[in-house]
Amino acid sequence: MRKFLVIGPLLILLLWWGLTKFGIANSFLLPSPEDTFTRLVELFTSGEVFEDINLTFYRWAIGYLLGCIVGIPVGILMGYSEKFYKSFEFLIEFFRSLPVTAMFPLFLLMFGIGDNSKIAMTFTATVFIVIINSAYGVIQTKRTRIKAAKTFGATNFQIFKNVVFFESLPHTLIGMRTTLSLSLIVVIVSEMFIGTEYGLGQRIYDAYTRNSVDELYAVIVLLGIIGYLSNKLFVFMETKVAFWTGK
Amino acid sequence: MDREIVHIKVDKVSKSFKNDNGRIEVLKNVDFEILKGEFLTFFGPNGCGKSTLVNILAGIEQSNSGNISFPELNRQPRIGFVFQNYRDSLMPWLNVEKNICFPLKLKGVSKKEQQERLDTIVSEFEINIDLKSKVYNLSGGQAQMVSILRGLIVNPEILILDEPFSALDYQTNLMLYEEILSIWRKLKITVILISHEIDEAIYLGDRVAFLSKKPASIFEILDSDLPRPRKLEDMGSKEFVNLKQKALNIFKNAAQ
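Residue numbers (this note's numbering), protein chains in the order written: chain A, 582 to 828; chain B, 42 to 297.
Worth double-checking, as some hints may not be accurate.
Said to hold, decoys possible - As a list, the in silico DSSO-like pairs of lysine-lysine whose alpha-carbon atoms are at most 27 Å apart:
| # | chain 1 | residue 1 | chain 2 | residue 2 |
| --- | --- | --- | --- | --- |
| 1 | B | 293 | A | 742 |
| 2 | A | 742 | B | 175 |
| 3 | A | 723 | B | 287 |
| 4 | A | 664 | B | 59 |
| 5 | B | 272 | B | 53 |
Since the hints were made in silico from the structure, they are not lab data.
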């Protein structure tokens with residue numbers, strides 16, 4: 582069945598090629614695939630895109646990882662204590678539902694126009710969803726398993742370390758995977774709107790202002806590849822780390 | 042066997058839980074003794090509080106009043122516990138041997154000693170399960186056998202089985218009856234089994250304790266005096282049928 586995987590992408594490339602080749606689409610709105618991919622290769626051979634990738638990845642990684650580092654323990658605590666959960670449920674759900682991009686100006690005011698505001702936005706996009714998922718993972722821990730550990734004389738900490746942690750892991754990973762893509766979106770958007778010297782979001786915006794449509798498309802394709810690969814990599818890691826999920 | 046020694050003395054144990062309509066009484070003045078080395082089965086209507094009773098025996102839940110003592114020990118005995126739902130009580134992230142050794146790990150027993158205990162128990166009961174395999178790849182019978190071994194690895198003085206057969210098919214049950222009887226014969230430990238199958242309760246037990254409906258107390262205890270060792274065919278014998286008739290009469294009255 583693997584060979585079917587290429588059919589969709591081939592069809593869209595063919596359609597893209599046909600639309601540009603026969604002049605059906607306005608070449609200013611849609612450059613040909615050849616031009617797009619040539620520009621993409623140029624971006625790499627000239628080395629001009631490396632600094633953009635580097636800085637986008639830096640902001641993405643720091644914001645995302647901080648979000649996970651803060652979100653997972655808070656989520657686990659919330660899952661553990663119903664009182665804690667009920668006390669903060671509204672706030673977490675509120676901020677999770679609030680588009681982080683709506684808080685742009687606030688972040689600018691608080692963190693300035695440098696990296697910090699972009700990292701803070703990425704962090705915010707990550708942390709609430711990670712909290713909810715980790716909390717949920719703990720809440721749905723099988724009572725029987727905790728009871729089993731108790732009959733073997735486990736202390737509360739042992740129950741956490743040997744049962745609850747593993748039980749909640751698949752859900753925690755779902756939260757981390759969801760926010761991996763989401764946080765990339767936020768980094769790119771923040772680079773486009775807050776502005777920066779280097780960054781893939783900034784490059785897209787620059788290409789747009791310079792009317793360099795083939796570069797615009799090239800960077801979009803590049804971001805698509807980055808998003809796709811990071812998700813694939815995460816799924817692969819997920820099946821290794823939480824191998825028992827769904828079994 | 043030291044059959045006359047009282048192993049567990051349950052003295053007027055009562056338990057109630059809070060629910061939306063106030064408190065609900067689950068156990069009321071449960072009073073009985075379990076002899077050392079005895080195979081005691083509990084039988085009673087569903088939801089009558091059998092599980093609550095064994096949870097209290099195992100020390101996972103506390104009674105509201107009454108007392109449980111172990112007269113000859115003067116300490117809490119080592120208890121092995123086997124749950125009804127093996128899928129939810131085994132740890133899917135651990136393989137078979139790590140699941141079996143899980144109680145030892147919690148007690149901080151060294152890796153080497155864990156391995157020795159595992160080797161002993163596996164050879165003693167001629168276990169034909171790949172110890173490295175994942176528990177979710179096991180059949181129901183194998184998985185329940187793993188949880189029985191996990192209960193046995195602590196060298197229990199009392200083995201509590203909470204409806205261990207109810208999630209399995211009949212053929213597997215028959216096989217596990219034999220396994221449990223052979224474990225009981227070899228280890229000479231006290232076994233407490235909760236059952237909702239009257240045949241099983243009579244066939245396995247020395248005595249069958251009937252619980253009344255909620256709030257449960259011991260309604261009557263029936264001596265299941267079929268000779269041992271018992272064979273599955275004995276379930277068709279005249280003595281067995283007579284016992285079952287008696288049991289059904291008791292149950293009818295108990296459930297009223």
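Quick rundown of the hints versus the structure:
Proposed proximity of residue 293 of chain B and residue 742 of chain A is contradicted: the alpha carbons are some 47 Å apart, above 27 Å. Distance restraint check for residue 742 of chain A and residue 175 of chain B: the Cα-Cα separation of roughly 20 Å lies within the 27 Å cut-off, and the hinted pair is therefore satisfied. For a cut-off of 27 Å, the pair hint linking residue 723 of chain A to residue 287 of chain B is broken: about 39 Å separates their Cα positions. Distance hint between residue 664 of chain A and residue 59 of chain B is fulfilled; the C-alpha atoms sit about 18 Å from each other, no more than 27 Å.
A threshold of 27 Å between alpha carbons decides the hint, and for residue 272 of chain B with residue 53 of chain B the separation of about 36 Å lies outside it, so the pair is violated.
Violated hints, in rising order: 1, 3 and 5; the structure is consistent with all others.
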